[in-house]
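Undergrad: Since chain Y is already given, all that's left is putting chain F with the ligand on it; use the hints.
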Amino acid sequence: MSGPVAGLQGVGLGVRSAFWPLIVDGSLPLDFVEVTAEHFFDDDLPLVQLSGLPVAVHSLGLSLGSPEPLDEAYLDRVRAVAERADAVCSSDHLAFTRANGIDLGHLNPVPLSDKMFDRIASRVDRVQQITGRVMLLENITTHLQLPGARQEPRFLTRLAYATGCGILLDLTNLYVNARNFGFDPEDYLSQMDLARVGQIHLVGYSERAGRLHDEHARPVQQELLSLLRGVLMQRPDIGVLLEWDRDLPDAAALAVELTRIREVVDGCRLRPCQTVV
Amino acid sequence: MDAVCALARLLSDPTLREQFLANRQSVAWELCPDEADAAVLLAVEAAGLRRQADLLIAKRTRAVFALIPNSLSGRHRLFVEWAGSYWPEGYRRHELDAWSFLTEVNRRGLRYCLIEYLRLHARLSPTSSLVRFGLARTGRGWRPGLAVHAGWSGRRVSCVLTLG
Ligand SMILES: [Fe+2]
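Protein chains in written order, with the working numbering: chain Y, 1 to 277; chain F, 1 to 164.
In case anyone wonders, no lab produced these hints; they're calculated from the structure.
Note that CB positions come from ideal geometry on N, CA and C, so glycine has one too.
Hints are supplied without guarantee of correctness; some may be wrong.
[Stated by the list, open to error] Distance condition first, Cα-Cα at most 16 Å in a straight line; then the derived EDC-like pairs of lysine to aspartate or glutamate:
#1 K59(F) x E215(Y)
#2 K59(F) x E89(F)
#3 K115(Y) x E68(Y)
#4 K59(F) x D247(Y)
#5 K59(F) x E81(F)
#6 K59(F) x D245(Y)
#7 K59(F) x D103(Y)
#8 K115(Y) x E152(Y)
#9 K115(Y) x E35(F)
#10 K115(Y) x D34(F)
[To be verified] Covered stretches of chain F, as calculated for chain Y (at least 3 residues, CB under 8 Å):
#11 7 to 17
#12 33 to 45
#13 49 to 60
#14 80 to 91
The following block holds chain Y by itself, in its conformation from the complex:
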């Protein structure tokens, strides 16, 4: 497969209500945006105002790894947001949030078994069928490492081949896991078919008591930009999205952060590239 999986290129930003006016008035240097589906289930913010930019829809709660059937009502709400936003793709996580009647409210890892492969693949098929859009699957951070965890890049790649979905590569999540569990993020990336990556997530990590956390609250650290550069040198056409959820920056600081990412993106685009086809 050649070309970007999801049609997203350049630099994007996760839409948060505080960023909304800056996005709508065009004062930020953006190529695309991502909306969190759940933020718009009840909210009537006019997503059409974003239509000047390509939009990706990201959901948090499809719980693709649950043994229970996919929540069709939930999926329908994701579809409705994707349609309102005229989204180019949807995404969710290689994870579970609910099981056995318990809603844990957050992303948890799944064992990467053959049984799980079939489960996730069938749900991805269903999501793509209902939304009518390509779905991207994102790698999560976790404190809990389950059997098969080191197979994650191959697992995601196989899922992409089997379902036609793409991968949402969260480089911060990868880096946080790599540091906390002591593996090499470059080694992880070498096991993933980057041609299947449709979008990259990036945000600074936090550090407490010797462990890293993905709190979406800090500027992107230099080592994350280096990791980004390594990926974009191979695939300069992948859109890179800045996520920020807490301790939000003001407009000037946000523009600085987006510019730092853009410099890496542009630097890789200008190089003779080795696009994987």
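TA: The following block gives chain F with the ligand in isolation, referenced to the frame of chain Y:
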């Protein structure tokens, strides 16, 4: 039980989690008769399981604090103890979590902020009427107050009147 269901139980139930960590084999096999599923549980690292469980509660605490800072202030420990027994569902779970915690605080006869109570009521039950006396945290500290909410045919009126 599937390994994912068992993990959900271990992550959400602190008592079961500690039983499992004290006696992995018997709890794992009890939860998961299937060998492959039990093997997933048996491979779980104790510190990682506790950290992930703590993270779930920490995320809830943070989200609830954003909704009811005055009522939760100084009660983080109470929230953590209580949170293991209640897991709100759905995409409005943070509001439900905050609402249920206020109910628990009220049940214990502890003080909570009437303004936060009214705000949550208006979000979760916009069409149901409410009249309630209590204490409200204002710029001048805690004051006695009266909360009123009414909702009808798409319109809503909410206010808190305080004394002093
Ligand atoms: Fe992410």
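Undergrad: Look at each hint and say if it fits the structure.
TA: The hints, checked one at a time:
{"no.": "1", "hint": "K59(F) x E215(Y)", "result": "10 Å, holds"}
{"no.": "2", "hint": "K59(F) x E89(F)", "result": "15 Å, holds"}
{"no.": "3", "hint": "K115(Y) x E68(Y)", "result": "14 Å, holds"}
{"no.": "4", "hint": "K59(F) x D247(Y)", "result": "15 Å, holds"}
{"no.": "5", "hint": "K59(F) x E81(F)", "result": "14 Å, holds"}
{"no.": "6", "hint": "K59(F) x D245(Y)", "result": "12 Å, holds"}
{"no.": "7", "hint": "K59(F) x D103(Y)", "result": "13 Å, holds"}
{"no.": "8", "hint": "K115(Y) x E152(Y)", "result": "15 Å, holds"}
{"no.": "9", "hint": "K115(Y) x E35(F)", "result": "13 Å, holds"}
{"no.": "10", "hint": "K115(Y) x D34(F)", "result": "13 Å, holds"}
{"no.": "11", "hint": "7 to 17", "result": "holds (count 5)"}
{"no.": "12", "hint": "33 to 45", "result": "holds (count 6)"}
{"no.": "13", "hint": "49 to 60", "result": "holds (count 7)"}
{"no.": "14", "hint": "80 to 91", "result": "holds (count 5)"}
Violated hints: none; the structure is consistent with every hint.
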